[in-house]
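Visitor: The primary structure of each chain is shown beneath.
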Amino acid sequence: MGTLKQIGAPQTQSSSSSSSSIDSNNHPSRTPPPPSSPSSSVCRNRTDLSTDLRLGLSISPSSQSESPFNSTPREESFDWPPIKSILRSTLVGKQSHLSQRPSLFVKVYMEGIPIGRKLNLLAHYSYDGLVKTLGHMFRTIILCPNSQPLNSGSFHVLTYEDQEGDWMMVGDVPWEMFLNSVKRLKITRADRC
Amino acid sequence: MNKMEGQAPSPLPDQVLENVLETVLHFLSSRRDRNAASLVCKSWYRAEALTRSELFIGNCYAVSPRRATARFPRVRSLTIKGKPRFADFDLMPLNWGAHFTPWAQALAQSYPSLRRLHLKRMSLTDRDLTLLSLSFPHFQDLLLTCCEAFTTTGLAAIAANCRLLRVLDLAECVVEVADEEVDWISSFPETQEETHLESLVFDCVECPVNFQALERLVARSPSLRKLRLNRYVSMSQLHRLMHRAPQLTHLGTGSFSASELDPEPDYASAFAASKSLVCLSGFREIWPDYLPAIYPACANLTSLNFSYADINAHQLKSVIRHCHKLQTFWVLDSISDEGLQAVAETCKDLRELRVFPVNTREEIEGPVSEVGFEAISRGCRKLQSILFFCQRMTNAAVVAMSNNCPDLVVFRLCIIGQYRPDPETLEPMDEGFGAIVMNCKKLTRLAVSGLLTDRAFGYIGTYGKLIRTLSVAFAGDTDLGLKYVLEGCPNLQKLEIRDSPFGDGALRSGLHHFYNMRFLWMSSCKLTRQACQEVARRLPHLVLEVINSEEGKADDIEILYMYRSLDRPRDDAPKVVTILH
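Protein chains in written order, with the numbering used here: chain A, 310 to 502; chain B, 61 to 641.
Just to be clear, a hint being listed does not mean it is correct.
[Claimed, not checked] Simulated restraints, written as ranges between beta carbons of each label pair:
hint : chain 1 : residue 1 : chain 2 : residue 2 : range
1    : A       : SER412    : B       : SER378    : 55 to 61 angstroms
2    : A       : ILE422    : B       : SER296    : 56 to 62 angstroms
3    : A       : GLY425    : B       : GLU547    : 44 to 50 angstroms
4    : B       : ASP616    : A       : GLY474    : 51 to 57 angstroms
5    : B       : ALA333    : A       : SER412    : 43 to 49 angstroms
[Said to hold, decoys possible] Residues on chain A that point at chain B, a partial pick, calculated with CB under 8 angstroms:
hint : residue
6    : ASP388
7    : LYS393
8    : LEU396
9    : SER398
10   : LEU400
11   : LEU413
12   : PRO423
13   : ARG426
14   : ALA432
15   : PRO483
16   : MET486
17   : ASN489
18   : SER490
[What the hints assert, rightly or not] Below, simulated DSS-like cross-link-like pairs (lysine-lysine); rule was C-alpha separation at most 30 angstroms, straight line:
hint : chain 1 : residue 1 : chain 2 : residue 2
19   : B       : LYS554    : B       : LYS385
20   : B       : LYS554    : A       : LYS393
21   : B       : LYS335    : B       : LYS286
22   : B       : LYS335    : B       : LYS385
23   : B       : LYS385    : A       : LYS393
24   : B       : LYS286    : B       : LYS377
25   : A       : LYS492    : A       : LYS393
26   : A       : LYS441    : B       : LYS635
27   : B       : LYS385    : B       : LYS442
28   : B       : LYS554    : B       : LYS180
29   : B       : LYS408    : B       : LYS501
30   : A       : LYS393    : B       : LYS502
31   : A       : LYS441    : A       : LYS427
32   : B       : LYS525    : B       : LYS635
33   : B       : LYS377    : A       : LYS393
34   : B       : LYS335    : A       : LYS492
35   : B       : LYS442    : B       : LYS502
36   : B       : LYS525    : B       : LYS501
37   : B       : LYS286    : A       : LYS393
38   : B       : LYS408    : B       : LYS377
39   : A       : LYS492    : A       : LYS441
40   : A       : LYS441    : A       : LYS495
For the record, the hints were derived by calculation from the structure and aren't laboratory data.
Beta carbons: idealized from backbone N, C-alpha and C, even for Gly.
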């Protein structure tokens with residue numbers, strides 16, 4: 310099972326000491342990742358626990374492509390980032406002009422977790438970026454199709470449902486082709502594949 | 061020297077010395093030098109106190125008005141700062157303090173010759189302003205930065221009563237709207253043929269002004285050099301004002317958009333006629349179509365503030381390619397990395413860059429990133445000050461800047477996503493900030509962000525020997541982080557920390573240094589009331605303000621604001637503030 314902690318973890322450090330991942334015990338190791346080889350370009354061999362759930366908690370609003378002003382699950386905090394309120398309130402009106410980047414939001418589920426997430430695939434340019442992001446979002450290691458880790462029980466693989474309704478392994482086809490055929494994603498345990 | 065009989069006795073040697081001393085000290089302007097001189101001996105202390113005409117008070121609660129005016133009786137220029145900077149981001153309760161009234165009263169009594177007053181983050185009322193306007197016949201300069209609690213009524217009093225007014229600068233103030241909007245511009249006496257006005261800055265005043273009165277005021281102000289209009293001034297009105305005042309050096313353009321669709325005057329000619337313009341700002345509701353109007357002025361510009369103008373890279377490029385002399389540039393990230401690259405190509409003299417985010421939500425990608433950041437570092441080698449908001453940044457880019465821009469004095473990087481690692485390596489951002497403190501040997505101000513471990517603070521403590529101001533948010537692992545900083549940075553004066561896991565042990569490690577600091581701010585950290593109480597006991601001249609949103613939450617501290625003070629703790633604190641002593 311992945312090392313996912315509850316999504317409901319507190320946002321600030323002071324309110325609870327036990328669930329904070331910023332403890333010296335959980336310090337991410339500083340050994341650099343191994344040099345990437347073509348077949349392992351989607352591999353990462355360690356979790357980065359200290360990215361914490363700040364990333365995971367950035368729940369993208371489901372209809373962000375329509376307007377940035379839809380009510381989001383997470384309240385916008387007005388004390389972060391540190392921008393003076395005069396500038397901030399002026400800019401609120403300007404945001405709608407600029408967030409017109411194309412987006413392709415798909416649902417992502419992780420096996421065993423009933424609540425899914427949504428991810429903008431067009432915010433990434435390759436499988437690499439996608440796997441990195443998912444690794445952060447779900448706090449796990451996502452393997453590439455051809456590797457054989459020793460204890461595959463702790464790891465996950467990424468699969469997707471294509472336009473024909475079949476579940477396929479992510480990474481076999483070129484990125485652009487993948488974008489055209491993906492309907493949704495699922496992160497499943499490696500020993501099931 | 062022989063004394064002739066019948067002459068008056070010559071002054072005592074001590075008195076001669078004091079006179080000489082006063083005459084010499086008169087020329088000493090740096091307050092740090094003056095502070096040093098005052099410590100030499102009692103007569104130097106006295107002489108320095110009598111000759112100090114510019115008084116700087118970094119924290120309005122560090123000293124009482126009475127003590128300040130008693131020691132320095134001949135002050136002509138006064139600067140007072142109130143709230144700590146984090147108050148700008150709504151982290152402090154309303155009505156926390158920094159009230160100017162007790163100061164206003166003391167000044168009115170003690171400094172009849174006061175000429176200049178600069179207040180920052182203070183709360184001052186219309187009554188205070190009225191008192192000021194009536195108490196100082198020689199009053200010339202009023203500068204209010206990030207102040208609040210006054211309305212246009214107070215401004216009208218200043219305009220009406222300060223006959224010698226030279227500077228009226230309102231920067232980022234919150235000017236309340238009075239019950240009846242007061243036409244303060246009309247309060248400048250029309251009977252005065254010529255005013256003494258050199259600077260009129262009111263871009264933060266959020267209500268319309270009487271344009272005809274403004275135009276007449278500008279027309280009879282031949283010394284006017286700085287004029288910053290608010291967003292209620294349209295493009296055509298701006299045009300008229302520019303023709304009235306072609307001698308302007310600093311112009312805030314107001315809305316920079318049109319209110320009617322009449323055939324428009326030739327705006328570019330107005331900018332061409334203003335041959336002295338070196339600083340442009342405003343653009344509050346910019347119509348990008350009007351941007352070409354400023355082209356004639358670009359070649360001479362040393363300062364350009366586009367921080368309210370959401371223009372894209374293409375629009376920026378059309379302007380920036382003319383701005384070879386630019387030294388200060390504030391802009392929105394709507395210009396994207398491409399825009400930053402254009403800046404890097406042209407603005408070789410750039411000293412200060414600020415890039416603000418249009419979208420303040422955490423995103424995976426944003427319009428600016430390490431790409432534009434690194435381009436700036438390669439193109440603008442003379443950079444001294446940077447404030448950069450972004451959604452992603454790499455250690456490599458930060459290291460590059462530390463090598464390319466060794467003159468950096470101010471380095472403030474805000475990665476909007478909290479706890480974000482380097483997206484390429486997944487490493488914390490320790491090494492990047494470490495390189496900055498190592499390589500930028502003149503660094504005095506640092507703001508950190510992204511995923512940071514205690515290691516980053518170790519670097520800061522080891523290499524950041526000149527750092528005076530440090531801002532920390534969502535960073536660090538253990539008390540060690542803060543300990544490294546408090547033990548390693550001897551020049552640290554202002555430390556503001558939020559949402560970081562630093563606790564009592566870390567607080568105690570700074571006991572040796574707290575009297576040297578202007579303030580310490582720690583919010584949403586891991587401090588307990590007991591530890592704060594202990595610090596308060598051990599350092600009697602420290603004031604520890606504990607601010608909790610709910611009363612009775614005894615142990616955990618939400619906000620600690622701590623500062624040194626020569627006088628009793630204040631008595632004007634609201635209920636949510638508990639002062640430990």
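Visitor: A separate judgement is required for each hint: does it hold in the structure or not?
Guide: Results for each hint:
For A:SER412 paired with B:SER378, a C-beta distance near 29 angstroms fails the hint of 55 to 61 angstroms. In this structure, A:ILE422 and B:SER296 meet the distance hint of 56 to 62 angstroms, their C-beta atoms being roughly 60 angstroms apart. Evaluation of the 44 to 50 angstroms hint for A:GLY425 and B:GLU547 yields a pass: the beta carbon distance comes to about 48 angstroms. About 53 angstroms separates the C-beta atoms of B:ASP616 and A:GLY474, a value consistent with the hinted range of 51 to 57 angstroms.
Between B:ALA333 and A:SER412, the C-beta spacing of about 47 angstroms keeps the proposed range 43 to 49 angstroms intact. A hinted interface residue such as A:ASP388 counts as satisfied when its beta carbon comes closer than 8 angstroms to some beta carbon of chain B; here the least separation is about 5 angstroms, so the hint holds. The beta carbon of A:LYS393 comes within 5 angstroms of a beta carbon in chain B, closer than 8 angstroms, and the hint placing it at the interface holds. The interface hint given for A:LEU396 holds, since its Cβ lies 6 angstroms from the closest Cβ of chain B, which is under the 8 angstroms cut-off.
The beta carbon of A:SER398 comes no nearer than 10 angstroms to any beta carbon in chain B, farther than 8 angstroms, and the hint placing it at the interface is violated. Among the interface hints, the one on A:LEU400 holds; its C-beta lies about 5 angstroms from the nearest C-beta in chain B, closer than the 8 angstroms criterion. Violation of the interface hint for A:LEU413 is found here, the shortest Cβ-Cβ separation to chain B being roughly 13 angstroms, above the 8 angstroms cut-off. Because the smallest distance between the Cβ of A:PRO423 and any Cβ of chain B comes to about 24 angstroms, over 8 angstroms, the interface hint for this residue is violated.
A distance limit of 8 angstroms between C-beta atoms decides the matter here; for A:ARG426 the minimum to chain B is near 13 angstroms, and the interface restraint is violated. The beta carbon of A:ALA432 is positioned within 8 angstroms of a beta carbon in chain B (closest approach about 5 angstroms), and the interface hint is therefore held. At about 21 angstroms, the closest approach between the beta carbon of A:PRO483 and any beta carbon in chain B exceeds 8 angstroms, and the interface hint on this residue is violated. For the restraint placing A:MET486 at the interface with chain B, the shortest Cβ-Cβ distance is roughly 22 angstroms, beyond the 8 angstroms limit, so the hint is violated.
The closest approach between the C-beta of A:ASN489 and any C-beta of chain B is roughly 21 angstroms, which is over the 8 angstroms cut-off, so the hint fails. Because the smallest distance between the Cβ of A:SER490 and any Cβ of chain B comes to about 22 angstroms, over 8 angstroms, the interface hint for this residue is violated. This hinted pair does not check out: B:LYS554 and B:LYS385 have alpha carbons roughly 33 angstroms apart, beyond 30 angstroms. At roughly 19 angstroms between alpha-carbon atoms, B:LYS554 and A:LYS393 fall within 30 angstroms of each other, so this suggested pair holds.
Under the criterion of a C-alpha separation no larger than 30 angstroms, the hint pairing B:LYS335 with B:LYS286 is consistent with the structure, at around 14 angstroms. For the proposed pair B:LYS335 and B:LYS385, the alpha carbon gap of about 15 angstroms is at most 30 angstroms, so the pair holds. Distance check on the hinted pair: B:LYS385 and A:LYS393 sit about 28 angstroms apart at the alpha-carbon level, within 30 angstroms; holds. Proposed proximity of B:LYS286 and B:LYS377 is supported: the alpha carbons are some 26 angstroms apart, at most 30 angstroms.
Taking the CA atoms of A:LYS492 and A:LYS393, the gap is near 41 angstroms; set against the 30 angstroms cutoff, the hint is violated. Taken as a hint, the A:LYS441 and B:LYS635 pair is broken in the structure, with Cα atoms around 48 angstroms apart against an allowance of 30 angstroms. Between the alpha carbons of B:LYS385 and B:LYS442 the distance comes to roughly 12 angstroms, so the proposed pair stays at or under 30 angstroms and holds. Of the pairs offered as hints, the one joining B:LYS554 and B:LYS180 holds, with about 16 angstroms between alpha carbons and a cut-off of 30 angstroms not exceeded.
Restraint check: the Cα-Cα separation between B:LYS408 and B:LYS501 comes to about 21 angstroms, which is no more than 30 angstroms; the hinted pair holds. Restraint check: the Cα-Cα separation between A:LYS393 and B:LYS502 comes to about 27 angstroms, which is no more than 30 angstroms; the hinted pair holds. A C-alpha spacing of about 15 angstroms is found between A:LYS441 and A:LYS427, which places the hinted pair at or below 30 angstroms, so the restraint holds. Of the supplied pair hints, the one linking B:LYS525 and B:LYS635 is violated, its CA atoms being roughly 39 angstroms apart against a limit of 30 angstroms.
With a C-alpha separation of about 27 angstroms, the suggested pair B:LYS377 and A:LYS393 falls inside the 30 angstroms cut-off, and the hint holds. Straight-line distance between C-alpha atoms of B:LYS335 and A:LYS492 comes to about 61 angstroms, which puts the hinted pair past the 30 angstroms bound. Restraint check for B:LYS442 and B:LYS502: satisfied, since their Cα atoms lie roughly 13 angstroms apart, inside the 30 angstroms limit. With a C-alpha separation of about 9 angstroms, the suggested pairing of B:LYS525 with B:LYS501 holds against the 30 angstroms cut-off.
About 23 angstroms separates the Cα atoms of B:LYS286 and A:LYS393, which keeps this hinted pair within 30 angstroms; it holds. Simply put, B:LYS408 and B:LYS377 have alpha-carbon atoms about 15 angstroms apart, close enough for the 30 angstroms limit, and the pair holds. For the given pair, A:LYS492 sits about 19 angstroms from A:LYS441 by alpha-carbon distance, which is consistent with the 30 angstroms threshold. Between A:LYS441 and A:LYS495, the direct Cα distance comes to roughly 15 angstroms. Compliance with the 30 angstroms bound is thereby established for this hinted pair.
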